[in-house]
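Participant: Listed below, chain by chain, are the residues.
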Amino acid sequence: MAATSTKVAQPKDRQSTTHRHPLESTFNPKSIAVVGVTPTPGTVPYDIFYNILTSGYKGTVYPVAPGKRSICAVRAYRYVIDIEDDVDQAVIVFPANVVERALKQCGEKGIKSVIVISAGFREVGPKGTQREQRLKEICAEYGISMIGPNCLGVINTDPAVRLNASFARKMPDAGRIAFLSQSGALCTAVLDYAREKGIGFSKFVSFGNKAGVTEIELFDYLHQDEQTDVILLYLEELRNGRALIEAARRITRGDRAKPILAIKSGRTPQGADAAASHTGSLAGEDAVCDAVFQEAGIIRIGSIEDLFNSAIMYGYEPMPSGDRLAIVTNAGGPGVMAVDSAVRAGLAIPHFAESTTAALRASLPETANLKNPVDVIGDARADRYMAALKAVLDDPNVDQALVILTPQSMTDIDSIARGVVRIHKEATKPIACSFMGATDVTSGVHLLQAAHIPHYILPEWACEAMASVQEIRRWRQQLIGKPERLQVDRAAVQKILDGAGAGYLNEDQALAVLEAYGLPVPTHKLCPTAEEAVAFAEQTGYPVVLRVVSPQVVHKSEVKGVILNLADADAVRGAFDRMYRHVAEVMPEAEIHGLLVRGMIPDGYEIILGAKRDPSFGPTLMFGLGGIYVGLFKDVTFGLAPIDRATAARMVSQVKAHQLLEGARGGAQADINDIQECLIKVGQLIDDFDRIVELDVNPLIVGPAEIGNAVADVRIRLSE
Amino acid sequence: MNKDEVQKRVVNVVCQVLGVDADLVEPDSHFVFDLGAESTQSVELVAAFEAEFGIEMDDEAALNVETVGGAIEFISEIVD
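If you read the sequences in order, they're chains A and B.
Here the first sequence stands for residues 1 to 720, where the numbers follow my numbering.
Here the second sequence stands for residues 1 to 80, where the numbers follow my numbering.
It should be emphasised that the hints constitute simulated quantities derived from the structure, not laboratory data.
Heads up, the beta-carbon is just placed ideally off N, CA and C, and yes, glycines get one too.
Careful: at least some of the hints might be erroneous.
[Unchecked claim] Dumping the calculated DSSO-like pairs for lysine-lysine here, alpha-carbon to alpha-carbon at most 30 Å: (1) A:LYS482 - A:LYS258; (2) A:LYS656 - A:LYS556; (3) A:LYS109 - A:LYS136; (4) A:LYS68 - B:LYS3; (5) B:LYS8 - A:LYS68; (6) A:LYS58 - A:LYS109.
[Stated by the list, open to error] Just a sample of chain B residues kept apart from chain A, beta carbon distances all over 10 Å, derived: (7) LYS8; (8) VAL11; (9) PRO27; (10) ALA51; (11) GLY70.
Please model the complete structure; the sequences and the hints are all you need to start from.
Facilitator: Pasting the structure below:
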């Protein structure tokens, strides 16, 4: 079924070759060589050739099938280099052990776009990884853009191309959605699912092991692709978070902005660190991925169903001006449930203007509910539905509408669907429908689908899809600032690092680093003797804390290396000697540099500020509820350093515990501004110094605003 | 049996199983890349060689042989 959406662009003249996108030959090849075709139907090599041949492809296709004169009555070639004509693209379907030879011949022939369907590479282990590396080297040598290996292929439904270079069962309908997937098997399920829903695609790409072309290059192509309005992505691994953010931001904001909706699953090659630090153990790949997607403007979705639910809402309907939803229903119960779902999803349920209420009163029976949700009552037919829908769409307080239908015996389902289709043609506000049921509503649902009106079996799915569109709308309006650079003493930190080897800094050194970057570090002193400790305590004021400082002691509590609340000189002396003796006894190898003395920090909320240098994402920040609860509740958020003020505010406000910081339940309000600044400074610190691989401030004790915050403990680990 | 004889008979079997002309089959011909052998045909080739030469071959080792020349060497070692 061809797409008839008003959003379909008319085919335009192809770009001149001087301005061809690097992936133009991948999606619009004028000729294709399928390399490694076999004559046996039902095999991948045969089926791919057959699909290209029978999908209506507008170019020329050459089968390369050693030992065969023809395939499907098309003259076959022994080698790709035997083809006399120029060839735009090769699709290699040979087994893995000969792909390298085929790829080399493609390079010798001057083919710049190759799709390697074959499996048996990185996904099978070290031998496959070596094979894949050789493919990369050949591509670099000949300047080839390679999709795959280990992929399903590429589909382009543009009527001027009609390319199905894949082993998917059928060519999908044309549409405005591009789908990119790292899983080939998932692709076939998605194609079947979309067909049932009447959803079409502009481009469909399974990019497999992404040894050559990755989602980043594909984003760039799809951004300028006039056939695509929305990009869906299924990813199993995220390699270059920073590059992804930049590429995605270019697409999701600014001119010709297109949303990217993504499902991310699986693990990266570098998993979460089994690090000594909380940040290291909590900043796992999935949590950081959330941060990456947020900063990139990629909407992360939990399931394939939700992915398409959101995609059709965005793709078929205009962008709403706001989040106010009007509901028209013939059943009170589903109407109320829809209101609950809408509110949960972050949508607003507005009151109608007087003029709307008057229009509804004039066209609906006395028993109807004229407020939002409008209940046109169970015996409503098309006339009441259309009157109500027109009235709410005309209301200035309404940004979008949801039509709910339950199939009563008198409900003229198809007429109502046709009525919605008529109104939808002229509407400037988005409309979604939920014809609830499975069999009686089928023909009505098909009418809606054929007209590309978003339909959902349940009203809550419609609300969740509308909420995704709101997320897209808010992202486009969000200001993205430059990372904030605050006044700090870089030279002081450099001096400390220059004198330190790999491993953890001593606490006094770590505190000095934080102090140089303006974090609230309490007055302290490293004292090698009890008398020095007492002298400093007298000066600072009691009560004080003693903390052992030794390069070998990472977890002080395990060696009783922290004693709190020492109220006078005798207590300090006694504690000093006890601690020294105990640590020497339980950890004889510990080199004790002294005991750190500082004043007791007044009680407050304990939060964690963490930073970690991730191999994939670079410097990563963590903020959340800290102290002994950090591993228990994991109430933390992530960002990529360095950050701007808006990101700092987001990170702080997204943890559940932030309500405590804002003075919930009669508690004192903390200095949120200072907390945000501390977070910015920690981000600046790890960004400024490559040798810092992990940093935990845990806890930062947050007091009432008039008292302020203080660093109670810190760990900084350096690389070589 | 000398190697020339082995080669002649190997080429014969290859032509029959893969349906290719003898002039395409060289000692350095790769079964898949040069002669278009499908995965099922690799198994057929092993069975055909065993039948032709009256030998038994280790299946795993035999399936790892990628070229005509490799097959000639492999079979020659068995029949010698």
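Participant: Please go over all the hints and tell whether each is borne out by the structure.
Facilitator: How the hints compare with the structure:
Straight-line distance between C-alpha atoms of A:LYS482 and A:LYS258 comes to about 22 Å, which keeps the hinted pair within the 30 Å bound. Note on A:LYS656 and A:LYS556: the hinted pairing holds, with a Cα-Cα distance of about 29 Å set against a maximum of 30 Å. Our distance criterion of 30 Å between C-alpha atoms is met by A:LYS109 and A:LYS136, whose separation comes to about 17 Å. About 29 Å separates the Cα atoms of A:LYS68 and B:LYS3, which keeps this hinted pair within 30 Å; it holds.
At roughly 22 Å between alpha-carbon atoms, B:LYS8 and A:LYS68 fall within 30 Å of each other, so this suggested pair holds. Distance hint between A:LYS58 and A:LYS109 is fulfilled; the C-alpha atoms sit about 22 Å from each other, no more than 30 Å. The claim that B:LYS8 lies off the interface holds: its Cβ sits roughly 19 Å from the closest Cβ of chain A, which is beyond the 10 Å cut-off. Remark: the non-interface label on B:VAL11 is consistent with the geometry, its nearest Cβ contact in chain A lying 13 Å away (cut-off 10 Å).
No beta-carbon of chain A is positioned within 10 Å of the beta-carbon of B:PRO27; the least distance is around 16 Å. Non-interface status of B:ALA51 relative to chain A is upheld: no Cβ of that chain comes within 10 Å, the nearest being about 21 Å off. Even its closest Cβ contact with chain A, about 13 Å, leaves B:GLY70 beyond 10 Å, as expected for a residue assigned away from the interface.
Violated hints for the displayed structure: none, as all numbered hints are satisfied.
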